[in-house]
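J.: Could you put together the complete structure from these sequences and hints?
Chains A and B are the protein sequences, given in the same order.
In terms of the numbering used here, the first sequence has 425 at position 422, counting the first letter as 1, and numbering is strictly consecutive.
In terms of the numbering used here, the second sequence has 320 at position 317, counting the first letter as 1, and numbering is strictly consecutive.
Incorrect hints may appear among the rest.
Copies of the same chain are indistinguishable here, so a pair counts whether it falls within one copy or spans any two.
What the hints assert, rightly or not - Heads up, simulated DMTMM-like pairs for lysine to aspartate or glutamate below, C-alpha to C-alpha not over 25 Å straight-line:
#1 K157 - E236
#2 K157 - E219
#3 K368 - E314
#4 K157 - E138
#5 K451 - E349
#6 K157 - E295
#7 K368 - E176
#8 K157 - E300
#9 K157 - E102
#10 K157 - D317
#11 K368 - E63
No wet-lab data here; the hints were simulated from the structure.
Protein chains: 2
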Amino acid sequence: MAIHAELSRLLGSEHVHEPSPGSPYNRDASGRRGVVGEADAVALPRSAPEVAAVVAWCYEHDVPIVPRGGGTGLVGGAVARDGGVVISLERLHAVRELEPALWRMFPEAGVTTRHVQRIARENGLMFAPDPGGAEQSQIGGNVATNAGGPHALKYGVTGAWVSGMEAVLAPGEVVDVGGWIRKDVAGYDIKDLLIGSEGTLGVITAVRLRLLPAPETALALMVFLPDRACGCEAIANVFAAGAQPSVLDFLDATTLALAARSYPAAGDGEAVPATAGFALLVEVDGSRAQAEAQRAELLELFAADAIAVHEHRDAGALWRWRDGINPVVTAVRGAKVSGDVVLGVERLHEGLEGFEEIAQRHGLKPCAWGHGGEGNVHATVLVDPEDEHELDAAERVMDDLFTLVTELRGSVAGEHGVGLLKGGWLARQWDAQAVEMHERIKRAFDPKGLLNPGKTLAR
Amino acid sequence: MAIHAELSRLLGSEHVHEPSPGSPYNRDASGRRGVVGEADAVALPRSAPEVAAVVAWCYEHDVPIVPRGGGTGLVGGAVARDGGVVISLERLHAVRELEPALWRMFPEAGVTTRHVQRIARENGLMFAPDPGGAEQSQIGGNVATNAGGPHALKYGVTGAWVSGMEAVLAPGEVVDVGGWIRKDVAGYDIKDLLIGSEGTLGVITAVRLRLLPAPETALALMVFLPDRACGCEAIANVFAAGAQPSVLDFLDATTLALAARSYPAAGDGEAVPATAGFALLVEVDGSRAQAEAQRAELLELFAADAIAVHEHRDAGALWRWRDGINPVVTAVRGAKVSGDVVLGVERLHEGLEGFEEIAQRHGLKPCAWGHGGEGNVHATVLVDPEDEHELDAAERVMDDLFTLVTELRGSVAGEHGVGLLKGGWLARQWDAQAVEMHERIKRAFDPKGLLNPGKTLAR
Numbered sequence: 004m005a006i007h008a009e010l011s012r013l014l015g016s017e018h019v020h021e022p023s024p025g026s027p028y029n030r031d032a033s034g035r036r037g038v039v040g041e042a043d044a045v046a047l048p049r050s051a052p053e054v055a056a057v058v059a060w061c062y063e064h065d066v067p068i069v070p071r072g073g074g075t076g077l078v079g080g081a082v083a084r085d086g087g088v089v090i091s092l093e094r095l096h097a098v099r100e101l102e103p104a105l106w107r108m109f110p111e112a113g114v115t116t117r118h119v120q121r122i123a124r125e126n127g128l129m130f131a132p133d134p135g136g137a138e139q140s141q142i143g144g145n146v147a148t149n150a151g152g153p154h155a156l157k158y159g160v161t162g163a164w165v166s167g168m169e170a171v172l173a174p175g176e177v178v179d180v181g182g183w184i185r186k187d188v189a190g191y192d193i194k195d196l197l198i199g200s201e202g203t204l205g206v207i208t209a210v211r212l213r214l215l216p217a218p219e220t221a222l223a224l225m226v227f228l229p230d231r232a233c234g235c236e237a238i239a240n241v242f243a244a245g246a247q248p249s250v251l252d253f254l255d256a257t258t259l260a261l262a263a264r265s266y267p268a269a270g271d272g273e274a275v276p277a278t279a280g281f282a283l284l285v286e287v288d289g290s291r292a293q294a295e296a297q298r299a300e301l302l303e304l305f306a307a308d309a310i311a312v313h314e315h316r317d318a319g320a321l322w323r324w325r326d327g328i329n330p331v332v333t334a335v336r337g338a339k340v341s342g343d344v345v346l347g348v349e350r351l352h353e354g355l356e357g358f359e360e361i362a363q364r365h366g367l368k369p370c371a372w373g374h375g376g377e378g379n380v381h382a383t384v385l386v387d388p389e390d391e392h393e394l395d396a397a398e399r400v401m402d403d404l405f406t407l408v409t410e411l412r413g414s415v416a417g418e419h420g421v422g423l424l425k426g427g428w429l430a431r432q433w434d435a436q437a438v439e440m441h442e443r444i445k446r447a448f449d450p451k452g453l454l455n456p457g458k459t460l461a462r
Numbered sequence: 004m005a006i007h008a009e010l011s012r013l014l015g016s017e018h019v020h021e022p023s024p025g026s027p028y029n030r031d032a033s034g035r036r037g038v039v040g041e042a043d044a045v046a047l048p049r050s051a052p053e054v055a056a057v058v059a060w061c062y063e064h065d066v067p068i069v070p071r072g073g074g075t076g077l078v079g080g081a082v083a084r085d086g087g088v089v090i091s092l093e094r095l096h097a098v099r100e101l102e103p104a105l106w107r108m109f110p111e112a113g114v115t116t117r118h119v120q121r122i123a124r125e126n127g128l129m130f131a132p133d134p135g136g137a138e139q140s141q142i143g144g145n146v147a148t149n150a151g152g153p154h155a156l157k158y159g160v161t162g163a164w165v166s167g168m169e170a171v172l173a174p175g176e177v178v179d180v181g182g183w184i185r186k187d188v189a190g191y192d193i194k195d196l197l198i199g200s201e202g203t204l205g206v207i208t209a210v211r212l213r214l215l216p217a218p219e220t221a222l223a224l225m226v227f228l229p230d231r232a233c234g235c236e237a238i239a240n241v242f243a244a245g246a247q248p249s250v251l252d253f254l255d256a257t258t259l260a261l262a263a264r265s266y267p268a269a270g271d272g273e274a275v276p277a278t279a280g281f282a283l284l285v286e287v288d289g290s291r292a293q294a295e296a297q298r299a300e301l302l303e304l305f306a307a308d309a310i311a312v313h314e315h316r317d318a319g320a321l322w323r324w325r326d327g328i329n330p331v332v333t334a335v336r337g338a339k340v341s342g343d344v345v346l347g348v349e350r351l352h353e354g355l356e357g358f359e360e361i362a363q364r365h366g367l368k369p370c371a372w373g374h375g376g377e378g379n380v381h382a383t384v385l386v387d388p389e390d391e392h393e394l395d396a397a398e399r400v401m402d403d404l405f406t407l408v409t410e411l412r413g414s415v416a417g418e419h420g421v422g423l424l425k426g427g428w429l430a431r432q433w434d435a436q437a438v439e440m441h442e443r444i445k446r447a448f449d450p451k452g453l454l455n456p457g458k459t460l461a462r
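T.: Pasting the structure below:
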């Protein structure tokens, strides 16, 4: 076909695929029904100029352009629902610059998040963001979705660590915005606008990342509490006491029960207490003295209400267990449907309770976990992937959940972005004039509407 | 006149002024020749709806709108050069919400920065940004210019602490963007776009600020070094050693000589050493143990090259001295002209040297100080305000400085923004397509070009 031939001319035919409907390039990690692409071609450029050449050709020929990172998204942001060309950034995998003494690294978009973290660590530094799926997810996609992770509580989301970026803007120009300077108030922040824009304003090709000296120590605690009310109060108490843990994640009763079997033995070999109805995964970091002082402060804080507190000397095992929650929960009934929402911390209890009621009303089993200190909830229902009735019910649960969240003045997206699945919700979450500006920004960057069409739609 | 009558109808006649050419509302703190407004009226609304009413009337009648905070800017951003209505936010001075246990405060735009800092401190919290002129500057203006200050090194600039904001967008709508949630990746970041947009995209009326628990201790050091090369190397060494001071400011030889007389006696009553050719003002903070550990680390780091290191037990006195540099330098010849630029930290020495050569070439006396850890330089020449020849030369110095900075891939604005005085420099600092997007964003938010016209122009 024409697209294939034209792209082959630009990239070489071995770097242009025609994906089958079942190809991974037509899916993401959500496995959701509506998330199926119909890409006409997958382009695998090797460089920013090659990305620009593909964008320029597509823009001239009115062909949709869908940038794609590691495919770990959960909202359909990386699939070509309306056809067109998927631009996979996986071959842009060079680290162009690494300056440990200046705390900075310049990876191309296709470098995996884990690789970025590893290089930083090998140089005594830390790349703080730690979204799930780091082995597969790519730094460009992380920036395009402004990915979070547990440590965002203390260190902020991915965007907080982006000093500058190289991107291809329509109709096919490579731009370098931001640079390495540590401060800049000249002009509108185009870099910040591209961060989290999910490929709808441009294609990110390389990212200038700020790093931090690695903290000397991180200490992990599991805090088991009798119930949700008590757990949410414990989170509020952490703030009220002025404590600043690096992680303050939570698991509700169902999640805890499902994950209890794989829970790693802490120092004294304890298991998850049978009476626990809520748990917090807390980490403190810094110098050893500082981390220990914080741990002592938190232990005192939790002493009154906790059923048990486990100190995990092998934090690695605890984190592997935490990362395993997703597959464990999925395995129960074969699939799950999650809405990754945010509530004000003071609204967390109300939101969790409301979500449980919603799921039960629709006859589905709910569970929730997430980043409690940020009110970021992975609100999940367990489903049988073959049961269309349950899948329909799950969609209704998500609709009701998003309605609840907007009523509570939260956000429908705490991670992954709007994508395909949350299109239209901004119009309910935002004031009308802000929605209008959202659409004008899109038209300013993409007058032909070809950059990741159908994604991040405000209404 | 018509404008006055119309605005009086909206706000009451006592809240609408007709300013004289010499009125403070037609000036800013720069005192620069080109920075003179010709406002037709100054409007003093009391609330966001009143701001919206003024904006709506102006927008309908094609009258320029110039939002104004405390008037401490240095680039002419707050003056109505093309006439129209100055909207002074000073009567929006309520703190709408204060939740110490949730680390947050919701001041209106006209609350002074010092008041925000004071309320935070009285509640055991800290509002980290500390731009100069805090008694007079207002939080709305700070957000509109994304103000910095010494502590931005560790804590980031003002924008990093803005969770959400209320603003009036054209053609006169109040919007509330961002809210209180601690994480949000739904849609383009309109809040971030308004931060630092200098009133050219909308009028900020209230700001949701995140606070932090106040650090237990802050310890201040003055480090005296023989010369600029040695001083810039010391700054680089701080990063290379992985130290994380909260402040890493610098003073060059001339600044140091001018400010030496008012230097506060440190612990042992020492004065500025006669042989010092560069100085660093360093602060570390945290728990007492943590601050002391950091101080020890830095003392060791500076030991090899420093002529002297003074530990200031009364950090307040040291900071008052530091804040006094501006008036001290101004007093030498009656005026000064400053360009507030940013260089990569690794380019700092080259930039400072280049600036000195430029000033000397134009026959003016240069001095420089600023936030060394961020490469943010207050590059200054001393002038006689009555000497037109010197004032012309100073303009040429600034032009050459900005040229140098763009060649070194720095930024022409590290604080205060582009305003009137740096208009057009973005086109030399940025790639062409980014400049194009800058202008499209402006048109998207302000199709009639009435919001602070002539400011933040990219070319």
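J.: Would you mind marking each hint as holding or not holding in the structure?
T.: Hint check results:
no., hint, verdict
1, K157 - E236, "within (19 Å within a copy, 30 Å between copies)"
2, K157 - E219, "both (16 Å within a copy, 18 Å between copies)"
3, K368 - E314, "neither (31 Å within a copy, 62 Å between copies)"
4, K157 - E138, "within (22 Å within a copy, 30 Å between copies)"
5, K451 - E349, "neither (42 Å within a copy, 41 Å between copies)"
6, K157 - E295, "both (17 Å within a copy, 22 Å between copies)"
7, K368 - E176, "neither (49 Å within a copy, 43 Å between copies)"
8, K157 - E300, "both (17 Å within a copy, 24 Å between copies)"
9, K157 - E102, "both (24 Å within a copy, 19 Å between copies)"
10, K157 - D317, "within (21 Å within a copy, 30 Å between copies)"
11, K368 - E63, "neither (49 Å within a copy, 55 Å between copies)"
Hint compliance for this structure: hints 3, 5, 7, 11 are broken, all remaining hints hold.
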